[in-house]
Amino acid sequence: MAVIRTEELTKRFPGVTALDGLSIDIDPGVIGLVGANGAGKSTLIKILLGIAPATSGRAMMLDLDVVTDGSRIREQVGYMPEHDCLPADVSATEFVVHMARMSGLPANAARERTADTLRHVGLYEERYRPIGGYSTGMKQRVKLAQALVHDPQIVLLDEPTNGLDPVGRDEMLGLIRRIRTDFGISVLVTSHLLGELERISDHVVVIDGGRLLRSSSTSEFTRTSRTLVVEVTDQVEAVAAALTDAGAKVERDRRLLAVELSDDADYDLIRSTVARLGVGLIRLEQRRHHIVEVFGT
Amino acid sequence: MPAHPDSAPAGVIHDIGYRHYDGDRLGRAAITRALFWHSLRGAYGLGRSARSKILPMSLFAIMCIPAFIIAVIANVGALNLSDLPLPYERYVITTQGVLTIFLAAQAPQSVSRDLRFKTVPLYFSRPLERVDYIGAKFAAMSAAMFILIGVPLLIMYIGALLAEFSVVTHSREVAVALLGAAVFAIVLSGIGLLIASMTPRRGFGVAAIITVLALSYGAVTSLQGILRYAQNDPTAAGWLGLFSPVTLVDGFQMWVFDTTSSAVAPPPGTVGGIGFVLVTFVLIGACWGLLNLRYRKVSI
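If you're matching them up, the sequences are chains A and B in order. Going by our numbering, the residue at position 37 of the first sequence is 37; the numbering climbs one at a time, nothing skipped. Going by our numbering, the residue at position 194 of the second sequence is 194; the numbering climbs one at a time, nothing skipped.
All clues given are correct.
Examples of chain A residues toward chain B, derived with CB under 10 Å: (1) 72; (2) 94; (3) 98; (4) 150.
Calculated directly from the structure, the hints in this document are not laboratory data. No residue lacks a Cβ here, since even glycine has one placed at the ideal position from N, Cα and C.
Put together the whole structure using the sequences plus the hints.
Given below as structure tokens:
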């Protein structure tokens, strides 16, 4: 099941295109969404939450369409905005209980879940004091708690490390990793720093100017592509023709051949074909999600 | 003796790890109701700090004291009254200053806070739709205003019953006055919330609501006086009542419920009556529409 899928998603504001034909397909896990300020990260999150309409294209979350099932998606999703969103004059407990109720939890469950969640994000005695007196790090934890309190299937965290010092940043990143490993909740986390997200993400999506720059797993295991990339030293034409004759589906992209993988016998086919033609095999690997992989931004 | 699971020493904290929630998840309607109760309690400072209770609770007391005095007077045997010294339906206009202060203090409390602290996106990223949020806030403010007006009316009613005035007459009169109170509550809440939703600054909201309500009432009442008595033009004076929400609803209940008017000049004739009723409904609809428009623009 893909937790997030978009097809040619486009969002235009007067005079600026925030998202430009963005197609991504992401499995459960920690997903890092990286881009410079204004790259379209927040816009994507708002469309996924069903609170801002896309200009064109489709977006699905948890296999639900954001346009028609917005309310059902939001029941199963937690959202931590980038900006301040906490009232200064109530305590963390009161605030998170209220937000739990606003997510549809009954009163008693809201209180229990609030106590649990605040403990998990690392807020203890201070949770009874008004939020106005909290440090930035504590406020970020309250923001995270309100996104987790209703036990969602996925949380969308918009720049959760913003404004934190290096220690606070490490703690927050550790907490985000735990949301996946200990709580079993998928995470979409945005940042303008690729380095910090690569440490904790299973999959990194880089966008720039609303376009997809790169989408790749940070581990070998999460690759789902069924296409093999073949690079040979010579006779690209001949190799392609021989493979096609043998019944494989082959697309040519300059020096690279993309071969659709139907079963493991295809590896043998490619090996014997290349050997028969006497050319050198430079690369034989499963392709990542998209054809054009631009490394670096 | 075998160890019993219940005999574990008390006061030990066990880290039981993360637990998933598999209980009920309530739908939009239940969430809207929860927001309604939260906002209604908030309007009287319940569930909030002691300081937030002082103003709404004092105003509530101030609203009840005159009603209580009226009820006592009705029961003083020496006066030998046959009716209450003030009819139910005129209680609102008599105490409209207190209502204005309550609305000015509590409407911004209800909506400006969420705007100032940018909490609104947290609501709209939950199952709630914008219209549910506005509906809950509008209903809660109206209910708070209705309680503020309705409880004193009930105190007067109990006083009338204890004084053994006609049960039938008084039951009918208080019922009509409560209906009028509901219209007052809805109109005033609509205006209050609309003004409050325009600014994240609570102070501006308070000042703007007091200005709009007190100024319109003061201006309309004095101009009505001039037109009616100095210019001898009760029709024009009556029409002028449209321009203040208090005199507007007063004209509404006078024409619909056939009550006595408290305004300097009542709505003129049948046309005037229909006009006041229409304008009342248009005003409520306009507040609702503009609130929806306002929240469509709220940045998330």
